[in-house]
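K.L.:
Here are the chains, one letter per residue:
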Amino acid sequence: MPLIRIEQVGKTFYGAKGDLLSLDNVSFGIEDTEFLAIVGPSGCGKSTILRMIAGLDFPTKGRIYFQDKPIRGPVPGISMVFQNFALLPWETAKENVLIALDTKAMSRQEKEEAAKALLKKLGLEGFENNYPSELSGGMKQRVGIARALAVAPDVLLLDEPFSSLDEVTSKELRKEVLRIWNNRTEHPDTFVIVTHLVEEAVLLADRVLVMAPRPGRMIAEVKIDIPRPRFDYVRSSIFFDHVDRIEEILEKAGIETIEHV
Amino acid sequence: MLGLAILAFVALLVIIYQKASAYSETRLLPYYALRTLLRLGITYIICLAFGLGIGILAATKERAGNIIIPLLDILQSVPVLGFFPLALAVIISTFHGSTFGLELASMFLLFTSMEWSIVFGVIAGIKSMPSYLKDMSQVFHIEGWDYLKHILLPSIYPYVIAGSILAWGSGWYFVIVTEYINYGNKTYSLPGLGYYLQTASFRYGSVWMSLAGLATIGIIVFFMNRLIWHRLNERAKEHRFLLFHGFTPRESTGQGFWARQVNYIDSRLDAIQGVHLPSWFLLRFRIRRLNYFLVAVGLLMVVVGVFYGWIRLPITSLDLEHLARDAGYSFSRLAIAYFISLALAIAVGYLILQRPATKNAIVIFTDVAQSIPALAYFPLLWLIFTRIFPVQTGLEIAAVLLMLTGMLWYLIFNVIEAVEHWPKEVKDLSGLFNVQGVRYLRHMLIPALLPALVTGSILAWGGGWNATIVSEYVNIGNKVHTIPGLGSALDEASQAGNNHELLVLLIVMSVIVIAMNSLIWRRLLSRASTHVLEEE
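For the protein sequence lines, the chains are A and B, in the order given. Everything in the first sequence is counted per our numbering, starting at 153 for the first residue and increasing by one. Everything in the second sequence is counted per our numbering, starting at 200 for the first residue and increasing by one.
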């Protein structure tokens with residue numbers, strides 16, 4: 153039984169100028185310890201699905217189950233990394249992580265220690281008392297990841313986490329994310345990433361779900377059979393074969409794809 | 200349902216006018232309305248001309264701006280109502296009490312209440328012009344009149360409209376006082392709606408007459424907003440859309456009565472945002488403190504020079520201890536009113552965020568409540584509270600309530616505006632990490648609202664000090680009731696025609712306002728703005 157089940161989920165926006173079907177009958181499962189990627193062009197509803205899993209958005213049809221229980225709102229077992237970092241600008245890096253720890257039954261001292269340890273783990277030692285405005289984009293997202301890990305979730309959701317960063321920084325952070333996922337002794341070990349970059353999906357995921365827009369729907373599922381660590385294969389034909397296969401699917405659905413180096 | 204409500208409203212109006220027609224003044228209402236409108240209109244045109252001239256100068260010539268902006272800022276902080284008896288004294292003595300002198304004095308007071316949002320709108324508009332417009336006009340040699348006509352004026356159009364809407368709002372508020380004033384045991388009056396209202400409550404004590412006056416103002420304001428400002432503002436929105444591609448016009452919420460209300464209110468909010476944006480306040484504060492100080496000292500020297508050197512005011516001794524005590528009393532009342540306003544504003548922000556459906560109801564209520572000049576219904580308030588409580592206590596409560604109405608709207612409008620642009624991420628965060636209750640207030644709501652709260656607070660305290668002048672001193676049926684404070688001291692000085700004391704009180708009040716701006720708000724705002732939420 154999958155850890156998370158998305159069952160016949162649909163979403164319709166009811167508006168004055170008529171109803172808009174934004175998600176049409178989407179079903180899939182997310183297995184425990186799996187790294188899943190959802191790719192598709194903008195407007196295909198991929199982020200909406202992620203937000204529904206997080207309990208931040210709700211389907212108008214169908215249901216989503218986490219550990220066999222329907223999702224009715226945010227749950228501690230599922231955490232999220234945001235596209236625009238979503239850091240509180242008036243709190244320091246440490247305070248931003250503490251926000252997630254506050255509801256835990258720990259002493260103030262323990263929480264402080266935990267926050268510091270998390271920031272250290274993400275390579276932010278010495279930046280605990282810096283405000284987001286004093287951090288680079290990559291560092292901001294590292295704080296975002298540390299905060300997401302603070303609740304010790306089973307599942308980590310990543311909503312286009314690197315799309316507002318430059319290519320060099322994105323590469324570093326992708327390595328970081330893989331390192332966290334590979335660490336089997338610590339949670340979380342089920343990852344779901346939403347991205348519009350096919351290469352990113354192929355680099356990270358065990359399985360890629362392909363979506364198309366108008367209405368948002370699932371059009372294919374591609375298993376990625378490339379040995380890990382994947383960074384050793386990024387220039388090999390097996391990597392490009394996978395990328396080509398997904399891009400072909402997208403092109404067949406009439407979606408323009410962009411070549412990424 | 201709606202038709203019935205309108206019918207009932209019209210019937211009520213007929214009854215009010217019928218009852219009020221028992222007084223001969225009521226027959227002159229259309230004439231009064233015309234006189235008041237004319238007074239406001241002429242003042243507005245002067246304000247517009249002055250605002251464009253000074254504003255363009257201040258915004259385009261840096262050296263001029265370094266003097267003009269602090270000067271305008273200081274003049275704006277001086278409680279307008281305090282100006283009036285003094286201006287009246289000078290102008291009446293010059294024109295020997297002629298109607299022309301009175302009109303001039305009235306227009307001067309209106310000018311000091313209407314000018315600021317226009318001139319600051321002009322400056323804000325020019326300062327936020329996209330730099331590519333300037334580059335483009337240089338490349339194509341668009342200069343002089345052509346630059347003004349094709350580049351500058353269209354760019355600042357939305358800001359000027361926004362400023363004008365606010366200017367008319369405060370104009371309506373103050374026109375009520377300017378048309379009927381007691382100074383030095385004499386009553387000076389000008390024909391107009393303000394005169395009508397004040398006669399109603401002070402001479403006749405007639406509720407029907409008061410209601411007829413209020414209804415007339417309400418109808419005029421309503422139709423002016425609909426027929427003039429709303430249309431101009433809709434056009435201004437298009438300008439804004441063309442200028443900043445980040446700006447997307449709000450989607451029309453559809454047809455129907457309530458939908459139109461919401462549309463109209465959205466455009467009012469846009470207007471308020473145009474002039475009262477925290478970032479714009481910051482821009483003003485970016486001018487060096489030394490400049491502010493030097494300009495303030497210069498201004499003080501000019502005032503002292505004019506009044507004591509030229510007009511030769513007799514210098515009487517002042518009871519400094521008494522003065523400090525009065526300031527303390529007024530300040531305490533204002534502080535109470537302020538903290539109630541602050542709590543209400545934060546509660547409104549919380550409510551709208553938690554229950555978005557309440558937003559429209561809150562905005563409609565606020566807009567209506569705010570547009571009724573509080574000065575007009577103060578006598579009624581006073582009557583109620585002095586009946587329930589001992590007179591002094593009743594006076595205190597009525598005074599604090601009136602101050603509250605002078606402060607609350609600035610805070611609430613700023614909060615609504617901030618909540619309107621609330622980033623989705625913060626909402627997600629509070630859900631995802633279960634941030635609620637006190638933690639939500641401390642970590643999210645209050646810090647996120649801080650720039651808006653500070654901006655609102657600056658305006659609120661300005662409005663509050665103005666309100667002290669009308670709320671600590673009531674003259675009903677030739678009987679004077681006062682509670683100790685700077686406001687009542689000012690009123691007593693103007694009753695006694697003691698210009699020297701009037702001037703000192705005015706300076707004390709202004710110094711308090713300016714000191715609070717530079718010691719508290721300036722600091723809070725610059726701190727808040729270094730860690731500000733960015734909307735993607």
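Some hints here could point you the wrong way.
FRET-style restraints, in silico, Cβ to Cβ [what the hints assert, rightly or not]:
1. A:Glu-286 - B:Leu-236: 33 to 43 Å
2. A:Phe-165 - B:Ala-204: 43 to 53 Å
3. B:Gly-504 - A:Gly-289: 34 to 44 Å
4. B:Pro-329 - A:Asn-281: 31 to 41 Å
5. B:Ile-706 - A:Glu-286: 52 to 62 Å
6. A:Phe-165 - B:Ala-568: 54 to 64 Å
7. B:Ala-695 - A:Asn-281: 54 to 64 Å
To list a few chain A residues with every Cβ distance to chain B over 10 Å, as calculated [unchecked claim]:
8. Thr-164
9. Phe-165
10. Ser-231
11. Trp-242
12. Ala-252
13. Asp-254
14. Thr-255
15. Arg-299
16. Ala-304
17. Lys-327
18. Lys-375
19. Lys-404
Since the hints were derived computationally from the structure, they do not count as laboratory data. Quick caveat, the model's predicted, so the values are computed rather than measured. A virtual CB, placed ideally from N, CA and C, is assigned to each residue, including glycine.
K.L.:
All hints are to be evaluated individually against the structure, with a verdict given for each.
P.N.:
We went through each hint and held it up to the structure:
1. At about 55 Å, the CB distance of Glu-286 of chain A to Leu-236 of chain B disagrees with the hint of 33 to 43 Å.
2. Taking the beta carbon of each, Phe-165 of chain A and Ala-204 of chain B are about 32 Å apart, not inside 43 to 53 Å as hinted.
3. Roughly 57 Å separates the CB atoms of Gly-504 of chain B and Gly-289 of chain A, a value that falls outside the hinted 34 to 44 Å.
4. Taking 31 to 41 Å as the suggested C-beta distance range, the pair Pro-329 of chain B and Asn-281 of chain A conforms, at roughly 37 Å.
5. At about 43 Å, the beta-carbon gap between Ile-706 of chain B and Glu-286 of chain A misses the expected band of 52 to 62 Å.
6. Against the hinted window of 54 to 64 Å, the Cβ-Cβ separation of Phe-165 of chain A and Ala-568 of chain B comes to about 34 Å, which falls outside the hint.
7. Here the CB-CB span from Ala-695 of chain B to Asn-281 of chain A is close to 59 Å, well matched to the stated 54 to 64 Å.
8. At the 10 Å boundary, the C-beta of Thr-164 of chain A stays outside the reach of chain B, the nearest C-beta of that chain being 18 Å off.
9. With a least beta-carbon separation of about 13 Å from chain B, Phe-165 of chain A lies farther than 10 Å from that chain, consistent with its non-interface assignment.
10. Listed as outside the interface, Ser-231 of chain A is inconsistent with that label: its C-beta sits roughly 7 Å from the nearest C-beta of chain B, within the 10 Å cut-off.
11. Chain B draws Trp-242 of chain A into its interface by the beta-carbon criterion, the shortest separation being 4 Å against a cut-off of 10 Å.
12. For Ala-252 of chain A, the condition that its CB be more than 10 Å from all CB atoms of chain B is violated, with the nearest at approximately 5 Å.
13. Distance to chain B contradicts Asp-254 of chain A as a non-interface residue, since its nearest Cβ pair spans about 6 Å, not more than 10 Å.
14. Consistency note on Thr-255 of chain A: stated as away from chain B, yet its beta-carbon is not over 10 Å from all of that chain's, at 5 Å minimum.
15. A beta-carbon of chain B is positioned within 10 Å of the beta-carbon of Arg-299 of chain A; the least distance is around 8 Å.
16. Chain B leaves Ala-304 of chain A outside its interface by the beta-carbon criterion, the shortest separation being 12 Å against a cut-off of 10 Å.
17. Every Cβ of chain B is farther than 10 Å from the Cβ of Lys-327 of chain A; the closest lies at roughly 25 Å, confirming the non-interface assignment.
18. Remark: the non-interface label on Lys-375 of chain A is consistent with the geometry, its nearest Cβ contact in chain B lying 30 Å away (cut-off 10 Å).
19. Chain B leaves Lys-404 of chain A outside its interface by the beta-carbon criterion, the shortest separation being 32 Å against a cut-off of 10 Å.
Comparing the model with each numbered hint stated earlier shows that hints 1, 2, 3, 5, 6, 10, 11, 12, 13, 14, 15 do not hold.
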